[in-house]
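A.B. asks: If you read the sequences in order, they're chains A and B. Quick note on my numbering: the first sequence kicks off at 1 and runs consecutively. Quick note on my numbering: the second sequence kicks off at 460 and runs consecutively.
Think of the hints as simulated: they come from the structure by calculation, not from any bench. Just so you know, nobody snuck in bad clues.
Label-pair distances were calculated between CB atoms; the ranges are:
no.	chain 1	residue 1	chain 2	residue 2	range
1	B	588	A	302	40 to 50 Å
2	A	244	B	477	32 to 42 Å
3	A	40	B	551	53 to 63 Å
4	B	615	A	242	42 to 52 Å
5	A	6	B	530	34 to 44 Å
6	B	496	A	106	57 to 67 Å
7	A	329	B	551	18 to 28 Å
8	B	579	A	177	54 to 64 Å
Even glycine gets a Cβ: it sits at the ideal position worked out from N, Cα and C.
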Amino acid sequence: MLRSDQIMATVEMVHKENLDVRTVTMGINLLDCRKGSVKETCAAVEKKIADYADKFVETCNSVAQKFGIPVVNKRISVTPAAFVGAGFTKDNFIELAKALDRAAESAGVDILGGYTAHVEKGITATDQAFIESIPEAIAVTKRVCASINVGSSHKGINMDAVAMMGPTVKALAEQTRESGGFGAAKFVVFCNQPGDNPFMAGAIHGVEEADVVLNVGVSGPGVIARSLEKTIAAKGRENLKLDDIAEEIKQITFRVTRCGELIGRHVSKELGVEFGVVDLSLAPTPKVGDSVGEILQILGVDDVGAPGSTAIVAMLNDAVKKGGIFASKAVGGLSGAFIPVMEDAVLADAVAKGALTIEKLEAMTCVCSVGLDMVPIPGDVDAATISAIIADEMALGMINNKTTAARLIPVPGKKAGEQISFGGLFGESPIMEVRNVGKSDRFISWGGRMPAPIHSFKN
Amino acid sequence: MNKQLVISVMSKDRPGIIADITGVILDLGGDLADLNQSVLGGYFTMILIVEFDEKITAEDLFAGFSHIQSKTKIEASIKQMDVPLEIEKRNLPTETFIVTVQAENRKGLVKIMGDFFFARHINVLDLETTKQQKHYTMIFQIDLSQISSLAVLRKELEMVAEQEHLEIVLQHNDIFKATQEVGTPVI
Chain A
1 MLRSDQIMAT VEMVHKENLD VRTVTMGINL LDCRKGSVKE TCAAVEKKIA DYADKFVETC
61 NSVAQKFGIP VVNKRISVTP AAFVGAGFTK DNFIELAKAL DRAAESAGVD ILGGYTAHVE
121 KGITATDQAF IESIPEAIAV TKRVCASINV GSSHKGINMD AVAMMGPTVK ALAEQTRESG
181 GFGAAKFVVF CNQPGDNPFM AGAIHGVEEA DVVLNVGVSG PGVIARSLEK TIAAKGRENL
241 KLDDIAEEIK QITFRVTRCG ELIGRHVSKE LGVEFGVVDL SLAPTPKVGD SVGEILQILG
301 VDDVGAPGST AIVAMLNDAV KKGGIFASKA VGGLSGAFIP VMEDAVLADA VAKGALTIEK
361 LEAMTCVCSV GLDMVPIPGD VDAATISAII ADEMALGMIN NKTTAARLIP VPGKKAGEQI
421 SFGGLFGESP IMEVRNVGKS DRFISWGGRM PAPIHSFKN
Chain B
460 MNKQLVISVM SKDRPGIIAD ITGVILDLGG DLADLNQSVL GGYFTMILIV EFDEKITAED
520 LFAGFSHIQS KTKIEASIKQ MDVPLEIEKR NLPTETFIVT VQAENRKGLV KIMGDFFFAR
580 HINVLDLETT KQQKHYTMIF QIDLSQISSL AVLRKELEMV AEQEHLEIVL QHNDIFKATQ
640 EVGTPVI
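So that you can see chain B by itself, here it is in the shape it has in the complex:
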């Protein structure tokens, strides 16, 4: 019988981290179901879903990671899932929207938008932020299936933009696909 482990890995970025981590998993007979990795501010982070034989433990993995020859330390946390996660590709809603928010950097910007979306039961599907000098940009991909009026939402976004001195733009995701992707039918 197999078990499913969720492994979260963090390290200062360098070439070879993926090879090292997946090498340990392969040596322990793990079957990699899905992973997501990103590098933020020079720091590497990766989350993996892996299936192992029942006899493999979290300690075996920690031991494997500790034997990786590198000057940069790899930190990991491992969780065994009692109910297996769905590893098929996540089904996005048929329509998603992109909200871009730009402002002079200050504390609490992401929270302002997080609160705004939460108050309206808007699910954030993806979020990316960048800071360039004093300028902070947030890009939210959101699901508006719970919203009955786009016009009302636009007005509310205008209000929060004015109150909080933000530059907010709401557009349909298809606009970005149409302008940036070749070969995607527009409709």
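Chain A extracted, bound-state conformation:
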């Protein structure tokens, strides 16, 4: 038997510090489901998902039961729908979205990702129809999440697509007005979207992937926060330097990642499905004690957004990667600390205090994953301003060779400072102020492409 202190440390991680496996996501390739008609294609999609995911949730639950580690979310990602429905019209795509929704329901998963198009260089007629379908497709389905990749470090940014994103986000929010624009929370715009990310709403099963794989997303902000508190209390703040803190984060991330690897590989083995990657992201939830923002406070800023916040996130993000990469055979996905405003109670609190602004969030996303995530903004912010915010975030990803994303929610009828709540894992927050509204129309109306950056002379 291992030493008792080692056993008790692990027991505390799970039962008092919110260690869990945040998501096990089954990626399924649907390219072979394209048939002669929409109806046949939808039927093939539902059948293929059912064939692979039939026992998925049940197996995740039994492995979680056996090992005593909760698997919080069981999800499915699929090949970007715009590829699957090549040649479809807008209405055809809405039928496909409904089929995906039914398939997710039958498999017992709450969210399915992959209602997606990749348009970083050009937009086909299919892509155009697909993008036009997004507001209605998301509004009429419960479980489907959408995403669009509008840029990459290799191809640049498709500014025609970016210009379409503002109106798409606005229309999505309007179509789901009764739920506070919740539809926009299920739509992400990406630069450098990974094909093996298990986290929603941006999970897809990339075309480069095998037929079926399992990807795992680990959690851990609560574990890291509690561990840092214990270390600081035991050793004394005056006896610690930041490199000691970084080392502690590495060690704890190693343990968290190993749990994810263990559970994921056992689920894979039982289902006979290839194991993909462990995504090392720190994904907070609105639950008290499960916050990335809290780690920043422990490390020395009184409110998230205060000067120093970006530097701390940079160190945290790096330490998480270093600890996690050693713990897993295969790492991928987004792998970084998330700062989703509505899903992190401490970030939402910083917004309420006026400490955290969109500009500071944007700066922080330069050094962590994944972007302006779950950011509620006033419903009257115009589409071009939203597109311009998205363009800024995409440029960060393109230039820095990293994934960035924007999940903005223009809450219909609400102003900055008013509260919006989606409940559950989607959380709540005051609506963030958007400054300089209406000053970016001329930029967005250019359209065309922002060329890919030079990949040398990196000074």
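With the hints as your guide, set chain B onto chain A.
C.D. replies: The following block gives chain B in isolation, referenced to the frame of chain A:
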């Protein structure tokens, strides 16, 4: 012809006990097959399996121990095995589980869990307990190969935890190996 003796030794802990005991065994030509030692509350205890020539008796060993120069007394008991013990490394089941139980200290805590496991034919492979101030912790390594439903067992553990005011956690042993050991494959 050789014979196998099981020797149990107990003493107040001090440096040199292992050297003294194994010195006596070596002087009598004993071949040490296996031993297990631990220190509990400042008291040293050790159990050894040793093979000796047929002519060596328990009295020879007692005499040897009595000549050990020390202020702390060494108490020993010795048993000759009619059927030799298997001294190869014990084969643990392929899967084991860890149950941790924490409670405010009171009499009978270990018995509650002992009865619980016995009633379900669950073999306890290892047990470690610690008492810190008013807090008592038990860590059982158990074999669940006789258990048909983990879900039922978890429910029953929840019930005993509630009835007896215990905090009980059941987890697979591999979780602890994965989180605490470097280089062990997770699967």
